[in-house]
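So the protein sequences, as listed, match chains G and W. Residues 0 to 206 in numbering that gives the first Met the number 0 are what the first sequence lists, from first letter to last. Residues 0 to 206 in numbering that gives the first Met the number 0 are what the second sequence lists, from first letter to last.
Possibly wrong hints are sitting among the right ones.
As the list claims (entries may be wrong) - From the structure, some residues in chain G lie toward chain W, with a derived Cβ separation under 10 Å:
{"hint": "1", "residue": "F50"}
{"hint": "2", "residue": "L53"}
{"hint": "3", "residue": "P55"}
{"hint": "4", "residue": "L62"}
{"hint": "5", "residue": "V63"}
{"hint": "6", "residue": "A75"}
{"hint": "7", "residue": "E82"}
{"hint": "8", "residue": "T84"}
{"hint": "9", "residue": "Q99"}
{"hint": "10", "residue": "Q105"}
{"hint": "11", "residue": "P110"}
{"hint": "12", "residue": "D144"}
{"hint": "13", "residue": "E181"}
{"hint": "14", "residue": "R184"}
Read the hints as simulated data drawn from the structure, not as lab findings. Ideal placement from N, C-alpha and C gives every residue a C-beta, glycine not left out.
The chain contents come next:
Protein chains: 2
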Amino acid sequence: MTHSASTGPTVYGWRASGNCYKLQLLLDMLGRPYRWIDTVTTAGATRTPEFLALNPNGKVPLLVLEDGRRLAESNAILCYLAEGTPYLPDDAWDRARTLQWLFFEQYSHEPCIAVARFIARWLPADHERQAELPRLRERGAVALDVMEDHLAREGWFSGGAFGIADIALFAYTHCASEAGFELPRWPGVAAWLERVRAQPGFSPMIA
Amino acid sequence: MTHSASTGPTVYGWRASGNCYKLQLLLDMLGRPYRWIDTVTTAGATRTPEFLALNPNGKVPLLVLEDGRRLAESNAILCYLAEGTPYLPDDAWDRARTLQWLFFEQYSHEPCIAVARFIARWLPADHERQAELPRLRERGAVALDVMEDHLAREGWFSGGAFGIADIALFAYTHCASEAGFELPRWPGVAAWLERVRAQPGFSPMIA
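Sequences are here, hints too, so could you generate the full structure?
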């Protein structure tokens, strides 16, 4: 990990966010230098006028290239950084399947598992949003079922090989226990998590 | 529009769904033959054992190629079908920006505007989910604000030109009034909707 390099892109990110962690994982696996600017959502750092000028949608992660160009949306950033590397397939169909899982992650997985983790871990025990947890856990379990079903047939999510769809899905699956999911219920998923951790350049979440 | 061709891919889709309409729009603009199999979510057609065998995530649209290969997730399907056409840029940065808006659409736009439309249009007036509408409309307005902000600087969402991010965002923006959004509040968005409607091959939603 290189966080103070004068070369390479800058990531605005919160270390405890799975969406931000995706970029740490890919950049570390690629061995690319980058600068990380801690931007803590729960401290309001994404709602300041300065940050909203960088990303009008007020979300991290945000990638800023050395020439100042900016890119938002974690999975779009993964695609951009992985282009031309083994983490994003060249073959059109394998690329399409990778994108399928990237969109699955943002639509059917993250809004349940990441949101449940946020409520369970950061909001007070008497917060009204605690009432959302049963429904989020029910829908999150369906997402894990879909992953388990896929892993019964294939070892990875990125068009037959390890790649950015695995990185994206790892981000919030590996900490799903913090959201109240009992991962041993999904043994294929649990085994896949270990295979991801064994990838060269893997770095744990800093939380 | 060609719905009975013996060549071309098959789309399982519900005509009233914006996610499905995206594929109709792109295929019609490309002038590609395709077969459309009506799969009405509200009638339970995505929860049958037959459909779940095709897509374990139980969602439409689903693309089935002539050789039987299957692809889910509307925006992944758009990317696959648009590859090599003017609707998906070749340039790496323009492609990244297109993907940014595709992920924005699925994370920050569709879960508010499409869900509000579903509740307002298909659920009974005394359904408990009607209580979600104020919050969905508040968050949907933020998504429309982000689009308006972008359209103050650029004419399109797909890396400087019209393309699949415009198609994806058009799908639920054009019918946002059914979800309770007053589109004249966003004049840049309203003007962009008209520019999309003027694209060659444009076909209206069949609802």
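When the least beta-carbon distance from G/F50 to chain W is tested against 10 Å, hint result: 14 Å, violated
Measuring from the C-beta of G/L62 to each C-beta in chain W, is the shortest one below 10 Å? At 9 Å from the nearest chain W Cβ, G/L62 passes the 10 Å test, so the hint holds.
Per-residue hint verdict: G/A75, partner chain W, C-beta under 10 Å: 4 Å, holds
Status of the G/Q105 interface restraint (C-beta, 10 Å, chain W): 5 Å, holds
For the hint on G/D144, does the least C-beta distance to chain W fall short of 10 Å? 8 Å, holds
So, as I understand it, the hint says G/R184 touches chain W; can you test that by seeing if any CB pair is closer than 10 Å? 17 Å, violated
Are G/E181 and chain W close enough, Cβ to Cβ, to be under 10 Å, as the hint says? G/E181 check fails; min Cβ-Cβ to chain W is 21 Å, beyond 10 Å.
Mind checking the CB of G/Q99 against every CB in chain W and telling me if the closest is under 10 Å? Hint on G/Q99: holds, closest Cβ of chain W at ~4 Å, below 10 Å.
May I ask you to test the interface hint for G/P55 with respect to chain W, counting a Cβ-Cβ separation under 10 Å as satisfied? The hint holds - G/P55 has a Cβ within 10 Å of chain W, the shortest such distance being about 5 Å.
Can the hint on G/P110 be confirmed by a CB-to-CB distance to chain W that is less than 10 Å? 7 Å, holds
Go through the hint on G/E82 and say holds or violated, using the shortest Cβ distance to chain W against 10 Å. Holds, because the Cβ-Cβ distance from G/E82 to chain W comes to roughly 6 Å (cut-off 10 Å).
Please verify that hint: G/T84, Cβ, nearest Cβ of chain W, below 10 Å or not. With Cβ-Cβ at 12 Å, over 10 Å, it is violated.
In this structure, the hints that do not hold are numbers 1, 2, 5, 8, 13 and 14, in rising order.
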